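Starting from the given sequences, assemble the full structure and let the hints guide the process.
Sequences listed follow chains A and B, in order.
Letter 66 of the first sequence, counting from 1, is numbered 86 in the numbering used here, and no numbers are missing.
Letter 226 of the second sequence, counting from 1, is numbered 1039 in the numbering used here, and no numbers are missing.
No lab work stands behind these hints, which were simulated from the structure alone.
These figures come from a predicted structure and were not determined experimentally.
Quick reminder that beta carbons are idealized off the backbone N, C-alpha and C, glycines included.
One or more of the hints may lead you astray.
Between beta-carbon pairs, the in silico distance windows are [to be verified]:
| no. | chain 1 | residue 1 | chain 2 | residue 2 | range |
| --- | --- | --- | --- | --- | --- |
| 1 | B | ASP1005 | A | GLY301 | 24 to 34 angstroms |
| 2 | B | ASP1004 | A | ASN107 | 51 to 61 angstroms |
| 3 | B | ARG845 | A | ARG149 | 45 to 55 angstroms |
| 4 | A | GLY213 | B | TRP1221 | 22 to 32 angstroms |
| 5 | B | HIS1205 | A | GLY213 | 36 to 46 angstroms |
| 6 | A | HIS270 | B | ARG1033 | 49 to 59 angstroms |
| 7 | B | TRP1221 | A | ASP29 | 25 to 35 angstroms |
| 8 | A | GLY154 | B | ASP1113 | 49 to 59 angstroms |
| 9 | A | ARG149 | B | GLY884 | 23 to 33 angstroms |
Cβ-to-Cβ under 8 angstroms is the rule here; a few derived chain A residues that face chain B [claimed, not checked]:
| no. | residue |
| --- | --- |
| 10 | GLN47 |
| 11 | GLU117 |
| 12 | THR118 |
| 13 | HIS138 |
| 14 | GLY142 |
| 15 | PHE146 |
| 16 | HIS165 |
A short list of chain B residues far from chain A (calculated; beta carbon distances all over 12 angstroms) [as the list claims (entries may be wrong)]:
| no. | residue |
| --- | --- |
| 17 | LYS842 |
| 18 | HIS843 |
| 19 | ARG857 |
| 20 | LYS950 |
| 21 | VAL1029 |
| 22 | PHE1079 |
| 23 | ILE1160 |
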Amino acid sequence: MSYEQLQTDEQGRLRHFLSIEGFRREQLLQILDTAESFAMLPGRQVKKVPLLRGKIITNLFFENSTRTRTTFELAAKLLSADVINFNMDVSATSKGETLLDTLRNIEAMHSDMFVVRHSASGAAHFIARHAAPGVSIINAGDGCHAHPTQAMLDMFTIRRHKGDFTPLRIAIVGDVQHSRVARSQIMALNILGVSEVRVIAPRTLLPADVRTLGVHVFHDLEQGLKDVDVVIMLRLQHERMDNALLPSAHEYFQLYGLTAERLEYAKPDAIVMHPGPINRGVEITSEVADGPQSVILQQVSYGIAIRMAVMSMALGNSSGEQGS
Amino acid sequence: MIAVNLHIRGGRLIDPANGIDAHLDLYLKHGRVFAVGEKPDGFRIDKTISARGKIVCPGLIDLGVHLREPGEEHKGTICSEAEAAARGGITTLICMPNTDPVIDTPAVWELIRRRAKACGNARVLAIGALTKDLTGKQLAEMGALKQAGCVAVSNARKRMANTLVTRHALEYARTFDLPVILCSEDPHLKDDGCVHEGSIATRLGLPGIPSAAETVAVARDLALTEHTDSRSHFHTLSTGRAIEMIRQARRGGARLSADVAIHQLFLLDTDVDGFNADCHVDPPFRTQTDRDILRQAVADGDIEVICSDHQPHEEDAKTAPFPLTAPGISGLETLLPLCLKLVEDGILDLPTAIARLTHGPAQALGLPLGRLDAGHSADICIFDPDHIWTLHPAELHSSGKNTPFCNWEFRGKVTHTLFEGRITWNSES
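So, in structure tokens, the structure goes:
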């Protein structure tokens, strides 16, 4: 079963949101448009809407995450759904219960949707294939594979600031190899038809044949930032130093840290993004992170609108249809 | 069951070891081949098997199967897998030492030998452990293993502590002229990889196993083979580059042999797409270039053995997110059908395909098997080359239903298998 068949029904409507792969441009734009209807107006709190009243949404997190889980929870509550949180740390599953057993148990509690995070790539696909019919699966991050709602909130942020995608040059800086966010962003940007996606990193942080994802590769930050409209910084995990992928955080910052001086290589109106949580002084300076070109905090708030959009569409109740 | 005097009539006999490809009858007595061609004077026929329109060949020898017993009987038992082997035309199973406990003492081998004898559907031969408990640190008692009847030694896919231990293990095995089955792979380069490192791994975010994990280790093991004069057999190669190195070493006069798992001649890294756990194998499916070089090497004889790399699993082992599934394919019953597909696709001629499954493995390990001249064990496979059928995993006789060849259409099916002159499989009965 292809991604597309798994993620949408016969009418092309969203069933599961597992990966950006397989969606068409119009479908991604529809998600962005739906999110617009939920997005906060300046200075106004987003209103609670009754779209998913009576629905039960279960957050099934096999990997620690407070932020992502909280934004999903908030999005669900703003849609008037009831939310259950399952935090399955590693010890719970190592007691012998298989992922499928866990799934069956929670299914018995009659959920309409699972929001899944798991450390193994493909976990959300696996659950989608085995879940009862009618249960929607939203991937909240699986291994190094995909984090599609994060990518869509980034697209939303870019569109809010830049309007049209087609003329844009985007640079993604950092640990692409281990980043599910980067993979989903690259796919979304290419489907939305941007002019160029660049990745900037040392070779140890780039996956094999990375060009096949549809990117141009740079190893020099200043060259890579030249004339870009959007700079996306990725988080650097400290364990990369232990695995001999990098010599030190210090050298990484020297070569790939985003400073105000380096940002000047980008277009003057370039925006700076980061999926968070940020490491100040490792991949980005405070001056840039808190500076006028940074949209990092907006990303977080747009995350709620995107997740509301995806959840309501997958459960067949987007705001457009109901006209509420 | 006492072996009767059998006459196999009217088939096309293909016996690559003897260079035979002709319509010849076979006469079997006391579990051995008594005569080929004309009926010997005074030969009393108790039973005749008509092989008209069929191929008669030596029973297949499968080098390096995982029988799971003792220790993992929920995945398969010696009996269940020997029965599956009989249906696949396989009469000799050469099992890997990674049972639990491992085959590092004659006692474990004795247990397997007895169990296999009681089942009686196939000959089970053992590859003993190269190191104690396969931990790669201390040498296993290879002298005792050889005396007990182990036909080779191997550390399976378990890592060796260091190159010095490998050197000593090869030297010690050479003392007893024991072939060493090498699953060459650098564990550090492999790391936690589960698919071929390339564009598919990158897109799916799955940890990759670079081709270099194999080539680095093959280069090292070739150097050690030369240094120790070891009788090395390279098992389940997956990369084109490794094949080229093997080819070069043989031209230089090295005494070695190599095999490839049949599924490596068909599937590619792209088949993993969609997180297909049935395509999770170790070594991983590689690129089309690799596959084409492997196919060519099998045709040219640089690889003289094709094996099934049979690894039966229970359903649960494959029912998990891809990286958490167990690698391996249940391959006994698709070994011959897939080889016949290579013939159909024009990669191999039929006698060559049969040689890779009979004479090839026998020669690699120096076994007096895989041939049908008079006096040899009457291990025989008879198949109908025109029978068209579709594979449904549920119909596999192996305990393991884990196969990526679900719904594949095959041409050619085993109708009879004889082991030591006894019919162990008859599709027509």
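Flag every earlier hint the structure violates by its number, smallest first. 2, 4, 6, 10 and 11
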